[in-house]
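Fit chain V to the known structure of chain Y by using the hints.
Chain by chain, the residues:
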Amino acid sequence: MKEWHRTIILLILLGIAIGFLVWSRQATDTNFGGSL
Amino acid sequence: MHIPKLRLRTFNNSLTVVVVLLALYIAAAPFLPQITWWLRHDAPVQLLPKKRVTLPEGTQAQTSSHPKTDSLLIPGISFEELVHTGGKRALSMGVWRLPYTSTPDKGGNTVLVGHRFTYAGSAVFYHLDKVKEGDRLGLYWQDKLYTYEVFNIRTVTPDEVSVEANTTEPRLTLYTCTPLWSTTHRLVIQARLIEEGL
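Protein sequence lines correspond, in order, to chains Y and V.
For the first sequence, this note's numbering assigns the number 1 to the initial residue and increments by one for each residue that follows.
For the second sequence, this note's numbering assigns the number 1 to the initial residue and increments by one for each residue that follows.
By construction, these hints were calculated from the structure, which means they are not laboratory data.
One thing to keep in mind: the hints can contain errors.
Residues on chain V that point at chain Y, a partial pick, calculated with CB under 7 Å [unchecked claim]:
{"hint": "1", "residue": "P4"}
{"hint": "2", "residue": "K5"}
{"hint": "3", "residue": "L8"}
{"hint": "4", "residue": "R9"}
{"hint": "5", "residue": "N12"}
{"hint": "6", "residue": "L15"}
{"hint": "7", "residue": "V19"}
{"hint": "8", "residue": "T118"}
{"hint": "9", "residue": "Y119"}
Listed below are several chain V residues computed to face chain Y (Cβ distance under 8 Å; list not exhaustive) [what the hints assert, rightly or not]:
{"hint": "10", "residue": "T10"}
{"hint": "11", "residue": "F11"}
{"hint": "12", "residue": "T16"}
{"hint": "13", "residue": "T183"}
Glycine is no exception: its CB is placed at the ideal position from the N, C-alpha and C atoms.
Only chain Y is shown next, with the shape it has when bound in the complex (with noise of 0.2 Å):
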């Protein structure tokens, strides 16, 4: 595997779980609002 294939990959699984925090948090707050 080349290099920049590598580099490729991390920064999809970089953007995955950074994608999958921000969801979570979104997730949370949205079903704790006003109401039960």
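For chain V alone, kept in the frame of chain Y given last:
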């Protein structure tokens, strides 16, 4: 643009470390409160009346041990946390009193909520499912201890707003998400006032 192969390899190695650490955090964080529970759930938390300490003249009197003002205590699960007020952002800080519900000094239904688990902020009610009927809850509010006894524990859907309704009798209601790591239902704990002390 040409990037030297060695520099790209160094960048990739650093990126690998970041990705692995992030993955470990995502995988381990949901279980960290449980590990903390195993390590310290025997730590004593008691519903003690505040003891005044006499300080030299000119200094302000302070409380000796218990607790920080406006805090919720659940001795059964070694729980002691500040109660935050204000807007919804206070929820990420820990236990939040819903601003449109009552306060202990006014009677009625005081409703406190908290996250069961979240990657963003404090997951204070992670162990709320361990509270049982008959357990005592303490709420220090404006320098006064209110002691409640749990009389009802149930699971409801998120649109069941009746648990937030005001009541004629003084009551404390706690709720959080359930099951763990899910937001589909709410675990509701209701307690009635049994003692109001200094």
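* Hint numbers the structure violates, sorted upward? -> 1 and 10
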